[in-house]
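Peer 1: One letter stands for each residue in the lines below.
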Amino acid sequence: MRRQLPILIVFVSGVFMIIQYFIPHESFEFIYEYAMDWIIIIGIFAMLLGLWSLTRVSVSKVQTKAPGWGFSVMTLIGLATMLFLGIYKGNKSIAEGTLFMDIFWNIYTPIQATMFALLAFYIASAAYRAFRARTVMSTILLVTALVIMLRLIPLGPLSGINQTLASWILTVPNMAAKRAIWIGIGLGATATCLKIIFGIERAYMGKD
Amino acid sequence: METIGIWIAALLTLGIFSFLYKDNPFYKFCESLFVGISAGYWFVTTFWQVFMPKLADNLVAGRFYYMIGAIFGVLMLLRLFPKIGWLSRWSLALVVGTTAGLYFTRYLVSNGMVQVQNTIIPLYVKGNLSQTIGNLVIVIGTFSGLIYFFFSKEHKGAFGGLAKLGIWILMLSFGASFGYTVMSRMSLLIGRMDYLLGTWLGLIH
Amino acid sequence: MRYKNLRSSLVLTFFLFFLILPLSQILAQDDTLPPPPPTEVKAGDTPNDNGHSITITWKLSGDDGAGKKNVVAYEILRSESPTGEFVVRGMVPAGNNTYQDRGAKEKEDKNYFPPHKDFYYKVRAKTLNSYSESGVAGPAVAYGQWFHIGKLPVFVGTLAFTIMVLAFISLARKGKEFYVRPLAGIDAVDDAIGRATEMGRPILYILGLGSAADIATIASFTILNRIAKKTAEHKTKIIVPCNDPIVMSVAQETVKAGYLDAGRPDMYKEENIFYLTSMQFAYVAAVNGIMLREKTATNFYLGKFYAESLILAETGSVAGSIQISGTDELAQIPFFVAATDFTLIGEELYAASAYLGREPLLLGALKAQDLAKAIVMLSLALGALAASFHFGFFLKLFTVQM
Amino acid sequence: MTFYERLMQLDRRWIYLAIAIAVIIPVLLPFKVPVYITPEVRSVYNFVENTQPGEIIFLAIDYDPNAMAELHPMAKSIMRQAFSKNIKLIISALSQNGPGMAEQLISQISKEYNKKNGVDYVYLGYKPYFGIVILAMGQNYRIPFPTDYYGTPLDSLPMMDGVRNYDDVKGIIDIGGGNITEYWINYANGRYKAKVALGVTGVMTADYYPFLQSGQVFGILGGLKGASEYERLTKREGEATEGMSIQTVAHLVVIAFILIGNIGFFMSKKKK
Chain A
1 MRRQLPILIV FVSGVFMIIQ YFIPHESFEF IYEYAMDWII IIGIFAMLLG LWSLTRVSVS
61 KVQTKAPGWG FSVMTLIGLA TMLFLGIYKG NKSIAEGTLF MDIFWNIYTP IQATMFALLA
121 FYIASAAYRA FRARTVMSTI LLVTALVIML RLIPLGPLSG INQTLASWIL TVPNMAAKRA
181 IWIGIGLGAT ATCLKIIFGI ERAYMGKD
Chain B
1 METIGIWIAA LLTLGIFSFL YKDNPFYKFC ESLFVGISAG YWFVTTFWQV FMPKLADNLV
61 AGRFYYMIGA IFGVLMLLRL FPKIGWLSRW SLALVVGTTA GLYFTRYLVS NGMVQVQNTI
121 IPLYVKGNLS QTIGNLVIVI GTFSGLIYFF FSKEHKGAFG GLAKLGIWIL MLSFGASFGY
181 TVMSRMSLLI GRMDYLLGTW LGLIH
Chain C
1 MRYKNLRSSL VLTFFLFFLI LPLSQILAQD DTLPPPPPTE VKAGDTPNDN GHSITITWKL
61 SGDDGAGKKN VVAYEILRSE SPTGEFVVRG MVPAGNNTYQ DRGAKEKEDK NYFPPHKDFY
121 YKVRAKTLNS YSESGVAGPA VAYGQWFHIG KLPVFVGTLA FTIMVLAFIS LARKGKEFYV
181 RPLAGIDAVD DAIGRATEMG RPILYILGLG SAADIATIAS FTILNRIAKK TAEHKTKIIV
241 PCNDPIVMSV AQETVKAGYL DAGRPDMYKE ENIFYLTSMQ FAYVAAVNGI MLREKTATNF
301 YLGKFYAESL ILAETGSVAG SIQISGTDEL AQIPFFVAAT DFTLIGEELY AASAYLGREP
361 LLLGALKAQD LAKAIVMLSL ALGALAASFH FGFFLKLFTV QM
Chain D
1 MTFYERLMQL DRRWIYLAIA IAVIIPVLLP FKVPVYITPE VRSVYNFVEN TQPGEIIFLA
61 IDYDPNAMAE LHPMAKSIMR QAFSKNIKLI ISALSQNGPG MAEQLISQIS KEYNKKNGVD
121 YVYLGYKPYF GIVILAMGQN YRIPFPTDYY GTPLDSLPMM DGVRNYDDVK GIIDIGGGNI
181 TEYWINYANG RYKAKVALGV TGVMTADYYP FLQSGQVFGI LGGLKGASEY ERLTKREGEA
241 TEGMSIQTVA HLVVIAFILI GNIGFFMSKK KK
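Chains as they are written, first to last, in the working numbering: chain A, 1 to 208; chain B, 1 to 205; chain C, 1 to 402; chain D, 1 to 272.
One chain only, chain A, in its complex shape (with noise of 0.2 Å):
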């Protein structure tokens, strides 16, 4: 029962999913779209072991007074005030003018824009320390990448050729590149579904 069901619902839910596929006929369809909403269904329900474990893990530290367990103290005044706020009005909660979404608008939006725009700054430290002509590969890298990021800057007639160069770039070469990958990928996920499938990958479901 340990670890045979799981195994046997694993592979019967696999194998389902994949004959669906090929069958058009709406019983097929149905049963497909039942089985699409329970995943969702568990997930909605897992959302409490999620709650479980963040509440759980900064309770501790506030209890042992972890070194900066202050800041654990903010995660859980956050995440109460927003439960209570977006639940106590029923569903009106999170309408429009609400404190709890001029919360979203004035503590989330900004923080997650300006997380968003650290990329800005990465992007350059990134480039200044891995594009160096170190080998072959590297050079290839920081030529290409030049090659793009010069056709903003003026070169006068040069920008010309540059531009044909880095638009020939993006979509010849860069779409070779992008197949490959492609293709690559499909394979090894495609194994990997089969491997789950016929339960040979089963590292995801524990030991006991």
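The hints are simulated quantities; they were obtained by calculation from the structure and are not laboratory data. Do not rely on the hints blindly, as some may be mistaken.
As the list claims (entries may be wrong) - Below are the SDA-like pairs computed for lysine to any residue, each with C-alpha atoms no more than 20 Å apart in a straight line:
id: 1; chain 1: B; residue 1: Lys54; chain 2: A; residue 2: Asp37
id: 2; chain 1: D; residue 1: Lys195; chain 2: D; residue 2: Asp167
id: 3; chain 1: C; residue 1: Lys269; chain 2: B; residue 2: Phe81
id: 4; chain 1: B; residue 1: Lys126; chain 2: D; residue 2: Pro210
id: 5; chain 1: D; residue 1: Lys270; chain 2: A; residue 2: Asp37
id: 6; chain 1: B; residue 1: Lys22; chain 2: D; residue 2: Asp64
id: 7; chain 1: D; residue 1: Lys235; chain 2: D; residue 2: Asp64
id: 8; chain 1: A; residue 1: Lys61; chain 2: C; residue 2: Ala286
As the list claims (entries may be wrong) - Some but not every residue of chain D turned toward chain A, in silico, with C-beta under 10 Å:
id: 9; residue: Thr205
id: 10; residue: Asp207
id: 11; residue: Thr234
id: 12; residue: Gly238
id: 13; residue: Leu252
id: 14; residue: Gly261
Unchecked claim - Facing chain D, according to a computed beta carbon distance under 8 Å, are these residues of chain A, among others:
id: 15; residue: Gln112
id: 16; residue: Ala120
id: 17; residue: Ala124
id: 18; residue: Ser125
id: 19; residue: Met149
id: 20; residue: Gly160
id: 21; residue: Ile161
Don't be surprised by glycine CBs; every beta carbon is placed ideally from N, CA and C.
With the hints as your guide, set chains B, C and D onto chain A.
Peer 2: Positioned in the frame of chain A, the structure of chains B, C and D alone reads:
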């Protein structure tokens, strides 16, 4: 209220940017607040936008087969009780098995068939040199790129040469994508600077 | 559901324009003469579908693209009897000669399309101010199919690939050994763990933003299992902050299993595999903090990654960690290649579990992947040659109808 | 550590500082960076320039507010250029969330040039099913749009007198942020042989170049860069020029650091 909102947003923006100099209490404050608020926001919105319409409403409408999903959901929660925690594996098995089957055909078609289909192009296009060269580069590039991904053969000799060509073309593509992305990342920063200098400080309009 | 209603109301609005227009008679030109009607109208079950649709085809009106060239659109009308009232079901722009009359499969849906029922169709050619109707076609009946003919190439591919994988796995089971070439990213794993042990600092393992339903994440679980085993042997702490509650649950099981494999279940600490938040940048903000505060010696980023890839990799580099990355997310590979020490590119991520465990069965599957790759490459080469000589048959082998 | 070795291991905070300055300074002190004008942008400009006063150009504003940053400057420049030369415009907005935004833009620019609705320009607005709308306008604008955006029948607008379809306009400029653009090429150009030029977002640009080579479109403005070139040509620099200047400076900074790193690398290797 709006002014307070702008000030809060601006200070939090600075708090995150301060991380660039080094880790500091200001950043830690923003970070821990962000984690708590985002987790709460995510839970609440999923509850109202997914849980209610997907499960509660369907059960109320008497669609009993949604009960099956709910049962598997409850099994998942049994993880919290070590003695019967192993029951959560059934739900896990359903999730993993279903998606493995789903993705199998999806990857086979979109990453396999379609890519091969798109790469079956004529190597010689009459009277069009640039397209002939382009097609040649695409076919040879894809071919040698795949050689690089061979695991069970040593990269030696002609085979190794092709594999090397393959990784070079991959690097070409990586360099190009990297260079291409710089612009959109800078736009993100410009947007934040507009907020700080314009909306907050009113230096520009 | 709401979307469907929106669409039908849009159709209705548009339809009204065409009704109002003839009344307004804006341009009193020869447009008032009806165009030649569409001919050879045929209606029949739509192939390869769930049984709630009928396909109608016709021959274009003589004034569509030829003659007076004033046909604008075709309307498709349906009735339950040849002499009954015909209702407009849809419209297509001029130049088109097929229409799929489809509806919902749920009986309670307003737009339900009953299968196994006789329907009759007419097609109407419309100009600005007039129209003409074809004769009645039908009866036609909609019914569902049990196999999608257009997906036959996929079916063959599925069977062939499955047989290959199973065959090589059974060869491996019989004891056949397969060679795999060295991969730099994999060889670095042991050193990276060793380094963390020497420095007495923890290892950070990030499974990315994927859910337990992403194949890349599942592949990453297997790698996590092997790495957890090694860290248990080295008595090094491993931290796994997660972005999804199910992923966290699985990661806990996986790491625990790794510690069991190493014979050190006592060292397993569940609180090191924890959930933070499911929101992308909040998660990243927290992981950034962990890297700098825990001073992780080695960071693994294996799984699904999006824009945060570079934020993680640069912060890790500031912290001086050795970084090993791998993802199948094409747009992020360049940033990992540039900013981390070793990167598993695309398929290498999937191969990594076989490499790390050196399990014969997994290596067998890898060999099957290579064989499939060889077949793909052969098809590419032959296909390109065939296309060069305008030989279209080959392309059809890979053409999938949806 | 030698000077060159130090070049190789700059503290990354210097890089962060440089990027921050590169982004802030151009915002505070706007300045112009020279721009190279590509032929595909120039041909759109020349097309409008060579249109006679009183003739009509069809301008399709087919994007949502989320593509405004890149595409609004294009629409602005083209409208300003046309109005300043007394060229008339027929404007449509076939993207679902775009019509309100387009209306704002039109009323703003028409006020600048004192242009009258119905006399100097006509705003048709939005109708669903852009494919059918584009096709039907090839027959007569009145089929999909019996009235303009404001509810006035097209026949009572002086400018529309005798103006039936694409044959009566000099050409079509479609500024689009999605797949509507394809329909302009396939229907307006393919079926009705109208002259079509495009303004598209940066991401879309590479995909539409083949249509330029095949002659199906006579010009393309690609992304912020295309927009800034156009602003430069019409000698009215605005948001695109400013945005592009910041981008140019930021890119220069990134390139400069790459070069510094490589100089350090080569020179320190030479010494050994």
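Peer 1: If you test the structure against every hint from before, which numbers come out violated?
Peer 2: 5, 6, 7, 11, 12, 15 and 21
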